[in-house]
Amino acid sequence: MATTTAKSTYLKGIVDSSPFILVIIPFASLFGLVATEAGLSVIETLTFSIVVIAGAAQFTALQLMQEQAPTLVVIISSLAVNLRMAMYSAALTPYIGAAPLWQRALAAYLTVDQSYVVSVAEYERRPEMSIPMRIAYFFGVVTPIVPLWYGFTFVGAYLGAWFPDGWALDFAIPITFLAMIAPMFRTLAHVVAALVAVVVSLMAAGIPYSLGLMVAGIVGMMAGAQTELWQERKRGRAE
Amino acid sequence: MIDKTTLWIVIIALGIGSFFLRFVFTGLVGSRAMPDWLLRHLRYTAVAILPALVAPQVIWPQATGGETEPARLAAACVTLLVGLLSKNVIAAILSGAFTLYGLLYLLG
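Chains A and B supply the protein sequences, listed in that same order.
All residue numbers for the first sequence refer to this note's numbering, where the first residue is 10 and numbers rise by one.
All residue numbers for the second sequence refer to this note's numbering, where the first residue is 7 and numbers rise by one.
Hints were generated in silico from the structure; no laboratory data involved.
Even glycine gets a Cβ: it sits at the ideal position worked out from N, Cα and C.
A portion of the hints provided could be inaccurate.
Derived coverage of chain B by chain A (criterion: at least 3 residues anywhere in the stretch with Cβ under 8 Å from a Cβ of chain A; other residues may be distant) [claimed, not checked]:
no.: 1; stretch: 26 to 34
no.: 2; stretch: 59 to 65
no.: 3; stretch: 79 to 86
Sequences and hints are given; from them, build the entire structure.
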């Protein structure tokens, strides 16, 4: 009985995350294409996607390596883009924190935007779920996503090897990022964080070793946090 | 060209670092609470870092040797606008790409 339940929960996870297939396929292909255009081999590109599985961080690293930024700056900037994974991890902990260590380790490796969003929504909807069911659901959610991330990185990289030069692919990364930023503007604080970061980054463009990016990122985060506090205080007074 | 040693150092460091970020709470911290000020800053990392990374590329693209260029600037504006209006990442990428190649072709 318990196995049937776990199995149907796993299948429900697959169904619930299947709309993301339409996002993962072009996104993974684009990474493969851009990476091989930047001079990576098919194997290097695929390894990158398997080891890191984080589109935004991978594109960031690629962009900065092309700009010949120092290795440490490449690593810190890309990890900064990935800091949201720590928040996902924090959000998942109350639900699956009591699962066996190996399951938590595997779930950690498979924590991406989609698995976090879909799983936490389901856990909140169905508080009665047992921990094995939650784990089964989580693995169901990643089943259509992660293998396609690997697979279409490979397809993109493979096609990239034949792609003609001079296709203005230099601009694929900025366009992808701009497209990803737009849905992040959920509150005024998010918009302020982005605007301040842009202004500081343009002013700091002359700072060597791409350190202007670090400065801009930190100042932007502080601006977002302060805006949030200010709005909370304002709301507190209004009530 | 990207140096191969740098590339492998970056891949391995990002792999370990990303796993650590994903495992830090689920695996290590358990259900202990994080300080509010830290969470408040973490919320804005991606939305600050990504625009800061893109802005100089949009205004001073490498491909043109740092000269501001109308097709790339227009493509960036269209992408952001479509993204804001539709909240659809793929639609935004496609409109940006269409604008870029359309204008590059027209401006020849």
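Worksheet item: For this structure, which hints from the list above don't hold up?
Response: Every hint satisfied by this model.
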